[in-house]
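A.B. asks: Chains as they are written, first to last, in the UniProt record's numbering: chain A, 1 to 794; chain B, 1 to 219.
A hint or two may mislead.
The list that follows gives simulated cross-link-like pairs (lysine-lysine, DSBU-like), each with its CA atoms no further than 30 Å apart [to be verified]: (1) K461(A) - K34(B); (2) K455(A) - K183(B); (3) K342(A) - K376(A); (4) K742(A) - K754(A); (5) K142(B) - K461(A).
The set of hints was computed from the structure by calculation and includes no laboratory data.
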Amino acid sequence: MTAANLQAGNPQLIATDEERTLFTIPGGVHPPENKQQSLNSPIVAAPLPGKVILPLSQHIGAPSLPIVRVGDHVLTGQLIAEGDGYVSLPVHASVSGTIVAIEEHPLPHASGLSDLCIIIESDGKDASIPMQERPDYRNQSAKSLLDIIREAGIAGMGGAGFPAAVKLNPRAGCSIEHLIINGTECEPYITADDILMQERAQDIVAGVELLSKILGEPKDVVIGIEDNKPEAIATMRETVKNTPIQVAVFPTKYPSGGEKQLIQILTGKEVPSGELPSSIGVVVQNVATAYACYRAVRYGEPFISRITTVVGEALAEQRNVEVRLGTPLSDLLTFNRVNEKKLSRLIMGGPMMGFALHSAEVPVVKTTNCLIAPTKKEMPPSPPALACIRCGLCAEACPASLLPQQLYWYARSEDHEKLESHHLFDCIECGACSFVCPSNIPLVQYYRSAKGKIKQQEIEKEKADRSRQRFEFRQERIARAEAEKEAKRKARQQAALEAKQKLAEAKAAAEQHSEATQQANSDDAITNALAKTQTKTTDPKEQQAKLERAVQSAEGRLQKASARLVESQQHTPDKNDKFAAQVKQAEVRLTDAKKKLNDFLTSTNFSTNTSGTSSTQTQEAQNEADKDKERLRLEKAINSAMNSIEKTQARLAEADDEKREKFEKQLNAAQERLQKAETKLAEFMNQLETTAAQEKLQTLQPATVDAQPEPDTPMDAASAAIARAQAKASARASMSEEEKLKEQIDGLTKRLSKAEEKLAAAIEEGSDKQEALSLGVEKLKIKLQQAQQQLEDA
Amino acid sequence: MIELLSTHPIAAAILALGLLALAFGGILGFASIKFKVEGDPIVEQIDNLLPQTQCGQCGHPGCRPYAEGIANGEAINKCPPGGQATVDALAGLLGVDAPALDAGEAEDADIPKVAYIREDECIGCTKCIQACPMDAILGAAKQMHTVIVDECTGCDLCVEPCPVDCIEMRPIETTVKTWHWEKPNISWASESTSTPNIIATDKLTPNDAQKPSKDDRAA
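In isolation and in its complexed conformation, chain A is listed as follows (with noise of 0.2 Å):
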């Protein structure tokens, strides 16, 4: 055994090219090779399949959304799938012909199960899209080169089906030094890579470069080839001259063509546990994809053929065959002639790491490099597996350095722990460990059921663990909303309680109540009269005086608020909007307390008119004499506000043009309020005109009857008073309707244009207020005409 004398885990030299130091792995075997009996046929072309059958995940990542329907027509390289998502591939229509059904449907796979696909029957004209070439790619930006190979479906061929534009397109921070282009084909049986390089060397360089430009030149770039493939060794090595491009030739050794394997060869890094190769610099792509990209890239063909090796005993013919994606491998055994009797099983992949098929109606799909129809006694089945006699070889051929019989009697015991601190993770599954046991025990079987139940467990426990926070946030928000429910139960049981007591205390009290109302109507229902009188007569003033006191502070808030508005024009211009708005608000104020004394005042009036006794006589007359106050002070208050506008006004022309325009709404505003307010008092003055008139009538003649008695000189003051109202009130009653009519046409007008302008701002502006405003307006208008009527009718 060559591996025995290496040191496991050193890389160490082995040989140097005329360019290049190589490395080496530790372990690996060597199977026979079995390659010579596919390499006597050139490359040949498959026949076009009567039915493809295009799984939707033939690559790692998400599968692909398809994007035809059952009964479309499709051509040749039409897109029928796209990816979803980044890690993942579109899938393009490997022959023209139309749809026939997207179902499940077996995979080349271990399990046998069936997944997604679209069949399209094939109707033999194979008519393609037009094709974009695209000569002068080499102009093109990285990007755009990426998103070509990712339009194009390319996967990785080496076997695992990675997304090659993902590959090529390293994490933020990962210099890349290294492209490593793999043309090793260690597997047994294998050739087309082989092969693709005899006769396609001229594009795979082309494609090779077209990945360097793509990684941003790397400094070194180099095709990794085994030496027992001299010719293609020959044609590479005559193709790369006059290019920057290596290429290294090691000799052959099992699996020297795994991805970290090669590394470890070309460069002595090896790539840490649980790593991508980027992050050391490194990116490996296959020949057959450096091939397949340039294709894209440059003729713009799609990822919808691939060269696939077809040997085993069992056929007639065991050659290379371009084969389109999609075609059942029963016709691929048909057209290499497949003796049916001598065929033991069907094997995709290599005889070390590929996987017996469990029908061979399955498809070819993107990463189909190998299909092995043996005879028995090719591929004999397996001897039963015997004990472990525990002789070491198995860690001898590892390739990682692993402890294969460690990991194999810890799967046994199905010792997750135990595996992964072995680094049961780290295995390539390459089979060499299996190969080299002289018990035959499948080692690597239980290795990759082993890592399939940890990932499954991995799985389950994080279900689990949402599962519990799922779990454990019901509970709480059950818990809340129960909390919630007896709170309020509480509160209700609460109120009910209350709501109990007072209704004892008041039924307890309504009937002292009647009792005490039942003595006092037999006693004297006369006093509850006059109480009931008393309480009118006082209850009146009370109120007065309580409106007066409000009118009071809303005209001592308008003073201050306007004070401060002056203040901070000359001060602080910002907070202006802020006073003008608390003038106005106190404006508000003050329209509404005077408007309640106003009501208040005309209620009284009619309330002690229809009393009519003559004792409320002498109050009536002070009250005279109030409203007479009250009516002087409403108008000085008027002024005031006026005073302070005109004082606003002439701030408002020092003012800057940006301000103006919201000064000048305000005041507008203010004015308008004002007049409001003149309008009021005119009212409450007509009112008190019209009202003291008729007292004056009803009362004036039991009025000097009665005050004959009493004192001259307060009457003489209230009449006097009385008097000066009167003379007012006539004065104002000579305005006549018209003038007020006028009044209020001026001021609805005025009304009517602003809010016209308003909304004209607001359509400007196409704010939702439009429909409001407009219907302000027109209702303003309305109004408007039934004025102009009536004045026009008085």
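Dock chain B against the given chain A, drawing on the hints supplied.
C.D. replies: Showing chain B alone in chain A's frame:
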């Protein structure tokens, strides 16, 4: 004092030991306060091993209460969703012999399942929504309900309350994504007939291996 001690070695020894005992007692007392462990860590560990289906088949309302029950000496084989694997893991954690799973009537307890609502038959009563411990059923009153398959733990608590029996438990199918290799079933005593499906094991003995290649060369 020293003379007295040197003349009475027994007394000296007792004194020294007594002093040491006091010192260590003090340290231990301090540590028990300073490093006091909140809660029962074993309950956490047991809870982590349970499958969190919250199905209640153990007789507890959820997995955590069962974990507390186990910590208080209850049997560890009452969790059918976890299967024998959970029983073994619990046995390993608690250092006891693993009893056989007490699956009761459910024979196929080991097969993972999810609830499936036959949506045509659903009347939208929300009873299953209230029963689901995972909030994995989506729907509203008088609207069709459906199960969020990713969140369903297969506890089958929703099956019972359904008034129209439109909920069934369906086994989760293995897909290409979830499939993994089975452990080779090899027993040494009897010559196994199982043929592992991996080709590397189909290798020939060194003598056999030479034959085909020799034939090839001859051909």
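A.B. asks: Each hint: holds or not?
C.D. replies: Quick rundown of the hints versus the structure:
no.	hint	in the structure
1	K461(A) - K34(B)	violated, 34 Å
2	K455(A) - K183(B)	holds, 14 Å
3	K342(A) - K376(A)	holds, 7 Å
4	K742(A) - K754(A)	holds, 18 Å
5	K142(B) - K461(A)	violated, 36 Å
Hint violations for this structure: numbers 1 and 5, all remaining hints satisfied.
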